[in-house]
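Peer 1: Below, each chain spelled out in residue letters.
2 protein chains.
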Amino acid sequence: MSAARDPVDDATLALLLEVAGTPKPGNVDRRRDLDDLRFESFLGGAVGAREGLELAATDEASVGDAFERGVAGMADRAGTNTQFGCLLLLVPLLRATVDDTDSSPAGRLTPTTVDRVTRDATVDDAVAFYRAFEHVDVAVADPPADAADLDVRRGSDAASVLRDRGLTLRDVLAISADPDDPDRVPDRNAQEWVEGFPRTFRAAEWIRADTGPLTDRAARAFLGLLAAEPDTLVAASHDPETARRASARAAALLGGGDPGSAGPADTDEIHADSVHRADLDAAESLATAFVDEGINPGTTADLTSAALYVALRRGAEVAP
Amino acid sequence: MSAARDPVDDATLALLLEVAGTPKPGNVDRRRDLDDLRFESFLGGAVGAREGLELAATDEASVGDAFERGVAGMADRAGTNTQFGCLLLLVPLLRATVDDTDSSPAGRLTPTTVDRVTRDATVDDAVAFYRAFEHVDVAVADPPADAADLDVRRGSDAASVLRDRGLTLRDVLAISADPDDPDRVPDRNAQEWVEGFPRTFRAAEWIRADTGPLTDRAARAFLGLLAAEPDTLVAASHDPETARRASARAAALLGGGDPGSAGPADTDEIHADSVHRADLDAAESLATAFVDEGINPGTTADLTSAALYVALRRGAEVAP
Chain F
1 MSAARDPVDD ATLALLLEVA GTPKPGNVDR RRDLDDLRFE SFLGGAVGAR
51 EGLELAATDE ASVGDAFERG VAGMADRAGT NTQFGCLLLL VPLLRATVDD
101 TDSSPAGRLT PTTVDRVTRD ATVDDAVAFY RAFEHVDVAV ADPPADAADL
151 DVRRGSDAAS VLRDRGLTLR DVLAISADPD DPDRVPDRNA QEWVEGFPRT
201 FRAAEWIRAD TGPLTDRAAR AFLGLLAAEP DTLVAASHDP ETARRASARA
251 AALLGGGDPG SAGPADTDEI HADSVHRADL DAAESLATAF VDEGINPGTT
301 ADLTSAALYV ALRRGAEVAP
Chain S
1 MSAARDPVDD ATLALLLEVA GTPKPGNVDR RRDLDDLRFE SFLGGAVGAR
51 EGLELAATDE ASVGDAFERG VAGMADRAGT NTQFGCLLLL VPLLRATVDD
101 TDSSPAGRLT PTTVDRVTRD ATVDDAVAFY RAFEHVDVAV ADPPADAADL
151 DVRRGSDAAS VLRDRGLTLR DVLAISADPD DPDRVPDRNA QEWVEGFPRT
201 FRAAEWIRAD TGPLTDRAAR AFLGLLAAEP DTLVAASHDP ETARRASARA
251 AALLGGGDPG SAGPADTDEI HADSVHRADL DAAESLATAF VDEGINPGTT
301 ADLTSAALYV ALRRGAEVAP
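Going down the list, the protein sequences come from chains F and S.
Quick note: the first sequence, position 252, residue 252 per this note's numbering, numbers continuous.
Quick note: the second sequence, position 191, residue 191 per this note's numbering, numbers continuous.
Please keep in mind that the hints were generated in silico from the structure rather than gathered at the bench.
Quick caveat, the model's predicted, so the values are computed rather than measured.
Please note that a few of the clues may not be correct.
Stated by the list, open to error - Quick look at which bits of chain F chain S covers, simulated, 3 or more residues with Cβ under 8 Å:
1. 22-30
2. 33-44
3. 47-57
4. 73-80
5. 208-220
6. 308-320
To be verified - Partial list, derived from the structure: chain F residues whose beta carbon lies under 10 Å from chain S:
7. Arg5
8. Asp9
9. Leu167
10. Glu269
A virtual CB, placed ideally from N, CA and C, is assigned to each residue, including glycine.
Build out the structure end to end from the sequences listed, making use of the hints.
Peer 2: In structure tokens form, the structure reads like this:
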């Protein structure tokens with residue numbers, strides 16, 4: 001790996017490898033468009049997000065402003081929402097990458113440094129996050145009944161509530177990460193924000209330790225992540241039980257044991273070895289089934305792009 | 001279209017849409033890898049070329065240095081040659097885009113302005129062009145017997161010959177564009193350099209006037225370009241007759257008439273209407289046949305990326 005590789009280039013490549021990874025059941029990938037979402041829109045979104053990613057990799061803009069700029073550029077190019085969730089994860093990862101509080105470059109991108117970035121997020125970052133929803137339609141679940149005034153679909157109108165209550169972006173995401181209702185599926189991207197990105201760093205190691213083209217490794221990591229936990233977007237657009245069953249079907253494709261019968265496992269319980277032996281041929285059938293059933297595990301794809309970014313920073317290379 | 005779109009982003013997107021365009025018979029595309037060349041390498045190459053493309057869009061570097069930097073970055077990321085020819089076309093197109101000799105932005109990217117850029121190329125640009133061959137293996141034909149000292153595979157060793165003879169980059173490419181031997185297939189990329197990019201601008205209009213996803217439009221433009229003229233890389237890696245027959249087979253897929261029996265037509269003779277009615281289903285079979293026969297019309301893919309860039313600058317958009 002070239003020591004001087006630009007983290008913004010790595011983030012762009014992570015977005016491209018994520019959408020190219022195939023099969024990623026239920027998602028747009030190199031071999032599949034969805035009815036209302038095309039592969040080329042993701043190429044446009046990855047290119048359009050550039051300015052926001054560049055801002056994230058400097059200290060000239062806040063994390064919230066960088067995110068909003070990335071979403072606006074993505075939406076302008078793609079004409080639709082392609083990578084909103086990916087950017088929510090990549091922006092703090094980029095900021096942690098360039099944070100020079102730790103002196104060694106190798107130490108810059110760790111759970112600790114990215115956790116510090118999210119702890120540093122402000123109320124203004126929360127306001128920018130809400131503004132980002134004005135650039136594009138994002139599929140989200142209704143908020144809990146007692147948090148209607150924090151519905152992200154309010155966009156800028158939520159600013160006064162955020163300021164009155166002094167809620168930072170991390171505070172806002174903490175609500176989605178840990179819903180009071182046990183029947184609600186937590187927002188995985190929000191969980192990453194408040195938990196130090198455990199899924200991202202774990203899946204990055206799955207990708208690094210795997211072999212073959214990065215697009216295949218990304219597809220296997222996607223299956224591992226989906227097997228581990230029900231997908232937020234599937235729960236929001238169907239229901240939590242559908243999301244749990246989708247994860248159990250992904251778990252059945254992993255190598256070893258019979259995790260399928262047990263339903264989704266914990267992330268911690270999924271071993272790299274099972275991910276590396278995931279059956280991509282069988283995943284082709286699941287991809288067809290998920291598309292037919294309208295099951296779109298988009299949050300799991302977001303996590304996959306974040307994991308690819310960390311894997312690239314740690315030396316993963318495209319296959320020549 | 002956003003008026004403020006960054007030409008470097010457009011060039012990156014052109015590289016991505018080119019490789020995603022499918023079917024492009026004989027080339028890597030969204031649905032096909034070749035044995036020794038993968039789709040993900042092209043994603044890496046497009047990202048790695050960024051710094052060179054940025055230099056091309058400023059006046060801080062010469063056209064030759066920007067090209068060499070782009071090739072070096074591409075090779076570092078892709079680990080192989082993915083877009084050498086694309087970059088040779090995109091670099092002067094980018095320079096023409098930002099040239100402010102013409103006052104109106106709309107007037108900046110025309111055959112006239114890009115011709116001025118190539119006329120301004122220097123001996124140093126030629127030396128940089130030769131250096132670029134040291135970063136990566138590029139498939140080229142043997143030079144004419146009387147030009148062995150100008151074999152591009154000599155790399156930096158050719159510098160003294162170039163300087164002694166005062167050959168600019170345009171002079172060097174003029175030799176490949178118009179070989180004395182009538183049995184040699186001219187280098188199409190070199191022809192673009194010395195002729196004001198007629199294939200690029202013509203195919204850009206095919207793409208702009210076409211409908212549907214840009215990846216489909218790119219595939220149809222590729223067939224039109226291949227039908228019009230034998231591919232340089234096919235001639236170099238097989239022979240001119242194989243290249244002519246490959247073009248005739250592409251011509252048979254265009255709409256209207258029976259151009260297939262007549263062999264390749266002139267670019268001027270191919271009408272947008274025939275390109276827009278190209279049969280992409282039939283092209284799938286041709287793609288399989290070309291891969292089986294080892295026919296790789298890579299120069300035609302280079303022209304397609306250049307045409308996509310011009311089409312994007314003139315308002316073409318990815319499909320939402």
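Peer 1: Tell me whether the statement that chain S covers the region 47-57 of chain F is true, taking a Cβ distance below 8 Å and needing three residues at minimum.
Peer 2: holds (count 4)
Peer 1: Was the hint right that Leu167/F lines chain S, CB cutoff 10 Å?
Peer 2: At 32 Å from the nearest chain S Cβ, Leu167/F fails the 10 Å test, so the hint is violated.
Peer 1: Under 8 Å between beta-carbons, do enough residues of the region 33-44 of chain F, three at least, approach chain S for the coverage claim to hold?
Peer 2: holds (count 6)
Peer 1: Do three or more residues from the region 22-30 of chain F put their C-beta atoms closer than 8 Å to C-beta atoms of chain S?
Peer 2: This one is violated; 1 residues, fewer than the three required, reach chain S with a Cβ under 8 Å.
Peer 1: Is the interface hint for Asp9/F satisfied, with its Cβ closer than 10 Å to some Cβ of chain S?
Peer 2: holds, 5 Å
Peer 1: Can you confirm whether chain S covers the region 308-320 of chain F, using C-beta to C-beta distances below 8 Å and requiring at least three such residues?
Peer 2: Result for this restraint: holds, n = 4.
Peer 1: Just to be careful: measuring from the Cβ of Glu269/F to every Cβ in chain S, is the smallest value less than 10 Å?
Peer 2: Nearest chain S Cβ about 30 Å off; hint violated.
Peer 1: Residue count check for the region 73-80 of chain F against chain S: does it reach three with CB-CB under 8 Å?
Peer 2: It holds: at least three residues are needed, and the region 73-80 of chain F offers 5 whose Cβ sits within less than 8 Å of chain S.
Peer 1: How does the region 208-220 of chain F fare against chain S when you require at least three residues with a CB closer than 8 Å, holds or violated?
Peer 2: holds (count 3)
Peer 1: Would you settle whether the hint for Arg5/F is holds or violated, based on the nearest Cβ-Cβ distance to chain S being less than 10 Å?
Peer 2: holds, 8 Å
Figure legend: structure checked against the earlier numbered hints; hints not met, in rising order: 1, 9 and 10.
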